[in-house]
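Colleague: Kindly generate the complete structure, drawing on both the sequences and the hints.
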Amino acid sequence: MFLGDIAKELIVASTVAFKEKTKVIAASQAQILSNFCGQKCPVINGQLVTGSDMDALLSYVEVIAATKWKVGSKYFFRHEIATRRGDR
Amino acid sequence: MSFGTIPYKRAWYLDVVSSGSVDMRPLICVLEMLRNGNFEEVRSLVPLLTHSSLDVRLYAQQLFADVCSNDDACAFNLALEASKTLDETRRIVLRMGQTLSLSVIPILLTWREALNDPEIDEYVCDALSAILPIDGVDQFSVSDLIFGRLTKRRSLAWMRPVIITEGKNCFSVTLLRNL
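First to last, the protein sequences are chains A and B. Take the first sequence: its letters are residues 1 to 88, numbered as in the working numbering. Take the second sequence: its letters are residues 1001 to 1179, numbered as in the working numbering.
These aren't lab readings, by the way, just hints derived from the structure by calculation.
In silico SDA-like pairs for lysine to any residue, Cα to Cα no more than 20 Å straight-line:
id, chain 1, residue 1, chain 2, residue 2
1, A, K40, A, A65
2, A, K19, A, M54
3, A, K40, A, E9
4, A, K8, B, S1129
5, A, K40, B, I1028
6, A, K70, B, N1036
7, A, K21, A, N45
8, A, K23, B, D1126
9, A, K70, B, R1035
If you anchor each label on the Cβ, the simulated ranges turn out as follows:
id, chain 1, residue 1, chain 2, residue 2, range
10, A, V63, B, S1052, 38 to 44 Å
11, B, V1046, A, S52, 40 to 46 Å
12, B, E1113, A, T50, 42 to 48 Å
13, A, G51, B, L1078, 42 to 48 Å
14, B, V1046, A, A65, 33 to 39 Å
15, A, D5, B, P1106, 22 to 28 Å
Keep in mind it's a predicted model, so treat the numbers as computed, not measured. Yeah, the Cβ is synthetic: ideal placement off N, Cα and C, and Gly gets one too.
Modeller: As structure tokens, then:
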């Protein structure tokens, strides 16, 4: 899992929802982004997306992209979580 | 905002900090440590997974799912054993998916079989989809396909608490996308 992929999935889902005026279908992406970076994602699953929401999402993702994230790692508020208990 | 009033939705951590009850205070303290990157107290959440207060249980389960290691994730089995209602069991199953840990897969499949409830199958499928997003797998085929294919490919090795790729430990979900 990589945060960049998750962000892309959410942007695609949000763009589709915005164009089609439907609710975003992205069950876990927003939650993962929020947990990993420690800032609440401006778009969540089931939300109707407006133009300003899209702007907010793109700005949010730009901020996330400025940080280096490891593929396959899990983060909480930008802190990497050890895969094993003994690694803490 | 209480966790008890929003059974399937997540509450954003920082919204809960300002509205915590007395029962919630220890959890808020742990949250503060976790937010600062101190993960020493993750195991202290385990007893709270089965706390008598529903709000505490829900909060602890959400927090634990987000911060647990592969080793720790198996503690969700205790929460499932202590679950008082089917509704709570379903919620715990979803939380297990949010751990992103392969080590909960055998637990999910064991409980799926034990409960033998079509609705639980959907929740198990959702949880597995969060961990292993494989196209074309639904609640009907989840056991046969996922478990069968994983087992066939010596999945027990994959399900060890530590997943290693390219010489490094990881929580990889993408590793299994190509199965």
